[in-house]
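Sequences listed follow chains P and Y, in order.
Mapping to the working numbering: the first sequence position 395 is 395, numbers consecutive.
Mapping to the working numbering: the second sequence position 47 is 1047, numbers consecutive.
Everything labelled a hint here was simulated from the structure, so no lab data went into it.
This one's a predicted model, so the numbers in the text were calculated from it and none came from an experiment.
Errors might be hidden in some of the hints.
As the list claims (entries may be wrong) - Here are the in silico distance ranges between beta carbons for each label pair: (1) P/Val-471 / Y/Val-1044: 58 to 66 Å; (2) Y/Ala-1055 / P/Arg-10: 19 to 27 Å; (3) Y/Val-1077 / P/Asn-244: 47 to 55 Å; (4) P/Val-381 / Y/Ile-1069: 55 to 63 Å.
To be verified - To spell it out: a stretch of chain Y is covered by chain P in this simulated footprint if at least three of its residues, at any positions, have a beta carbon under 8 Å from a beta carbon of chain P; those stretches are: (5) 1028–1034; (6) 1051–1065.
To be verified - One side of the interface only, derived from the structure: several residues of chain Y facing chain P at Cβ under 8 Å: (7) Leu-1037; (8) Tyr-1038; (9) Val-1041; (10) Leu-1042; (11) Leu-1045; (12) Met-1071.
Ideal Cβ positions, reconstructed from N, Cα and C, are used throughout, including at glycine.
Next come the chains, spelled out residue by residue.
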Amino acid sequence: MVLAADETLRLDANVIDYALVAAYFAVVLLIGFAARRRVSDSLDFFLSGRSLPAWVTGLAFISANLGAVEIIGMSANGAQFGMATFHYFWIGAVPAMLFLGVVMMPFYYGSKVRSVPEFMRRRFGTGAHLVNALSFALAQVLIAGINLYLLATVVNALLGWPQWISLIVAAAVVLSYITLGGLSAAIYNEVLQFFVIVAALLPLTLIGLHRVGGVGGLVDAVRDSGNENDLSSWPASDLTSIDNPVLSVIGIVFGLGFVLSFGYWTTNFVEVQRAMATKSMSAARSTPVIGSFPKMFIPFIVIVPGMIAAVLVNEVRELKAGGDPGVTYNDSILLLIRDVLPNGLLGVAIAGLLASFMAGMAANISAFNTVFSYDLWQQYVKKDRPDEYYLRVGRLATVGATVTAIFTALIAAGFDNLMDYLQTLFGFFNAPLFATFILGMFWKRMTPTAGWAGLVSGTGAAVLVWSLSEVGVIGLEGQGASFVAAGAAFVVDIAVSVAVSMVTAPKPVSELAGLVYSETPKEDRTDPEAHRLPWYQSPTKLAGVSLVMVIALNLVFR
Amino acid sequence: MSTSRNGQDAGGAPATGGRHTAGAYDVRVVIAALIGLYGVVLIVLGIVDYGPEEAAKTGDVNANLWAGIGMLVFALVFVAWTRLRPVVVEDGEAVEDPTGGADSAGR
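For reference, chain P alone in the conformation it holds in the complex (with noise of 0.2 Å):
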């Protein structure tokens, strides 16, 4: 992600926008102190104890995904997409979010696994165990260090902090307050930021639509710039670069909307972890549900900003008009912020941002700490040791993944392209995972080794797909390419994990219960009290009013 450099960006900040960025890191470390007093033992550090209720987790669960990468760049995508960009909310995340919480969580927390790449250990042992779980924790450190980055460059833009002090200072309060805290204290301050960034994001919104004439005015002036295909969401074939109408539209159900958002939010352990926080098996079903809500109207305060920085801000219209101003898209929520909020909601709006990035480094340690102590270290390396041992070892893997994130920060200042193309990878570890899991929980005859040999030709079915479109032989680029190979990559999985299972031993139906829909008993997939719930704490009930309200959006902004 490139920002534009030297002064364009320098946000006029005073002392009292400093000292409203300084209340929010103060309060950030308070909760950290905070949550320290309750860590006994591993269980509290790592999953928060399984005590909170849904409504934190809730909030927490679409926080740890609003980071830099979605502010900054769902806002950019809204400047050069424009409402085309609301797939990746309303297609590409509330129907997989919806998914997670009514049929896969009573698998992730009813088998009481404390990590999703130990759900797989349990289900297909350990080679596809091992896959899984080496290249989470590899991506969650790469990611926080690229997170990390993004916060320095931000800091540096918008306040001319030197990029190593900033990346020292975020690192060291992001330190601090896990390892005070453990997974509580970054729950806590993700739903704290989820807050601040409403608080900044919202007041951003409506002035800049007061200085554009209303949405009224936004709509005409996005018209007579000529960029009337903004206007509408489908079929979105400047997003996918798929000319052809009806394949734009498959690409992106079938792509963003099934393979590529399910693969993220059922199997990455970022999101989930904050579903296995909670106290009941409704709570847990719930997170997932409960964050679909602001989650289908933080577009309203993120895409929109983007597309009245597209008509509202110079350098952004000149962009737009095929000019070269000296600034890219990423840089439009920034300008529009520059331009159109006067000191005391500037400091508001920076608080906001750097509690965005930070929020999104601490989901990625956080994660990545449990992962590496329990299926990892206690698995390959030190069994059988006492709780305060694995609780230790959490620790020092915090340090560590902090430190090293520092240092993969240092190499994603200097080889932008390498860092974009990483991420894109990881994206790629995802798709065949949906596809593992899905039919892992539902084939109880699927066997292990078509566990890993799915994940490891559907990844590479990815890999191809997008090396190809990369070297000009698929006629595709950008989305679109990404949506292509993240479906090729689900077919792979699937096909060569039922051929696979036809000449290769099952499991034991015996060691499936939990794990295998067919093999768990009714008691153990849902909740006993779940009849005793009013409607608003009943899962299923919920995801089907959330269903509806977002088909009415995707209806009310075709």
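Using the hints, position chain Y against chain P.
The following block gives chain Y in isolation, referenced to the frame of chain P:
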């Protein structure tokens, strides 16, 4: 699934012994405090420091004042929520659970 740590899961036996509210350790109080502080600062800024420069940026709206009022109202609603549905913890349990079972309070 009973993983209750504070004895207030639905269907759990009514707790005996001392109970009290989580008070300042409720995460809702922390959120209300920070957003409320932002609100007050912005309101003051909006009153004492609203001039032509600010008006030009926001399009003649006193943005700090209105955003500040909005944040203060939000903070008061959160405080009211915490007052109406306090988190109850057992004595001897971890008082420091900053959220407690806010979602189970209505059961």
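task: Could you check the structure against the hints above and give me the numbers of any it violates, in ascending order?
output: Result: no hint breaks.
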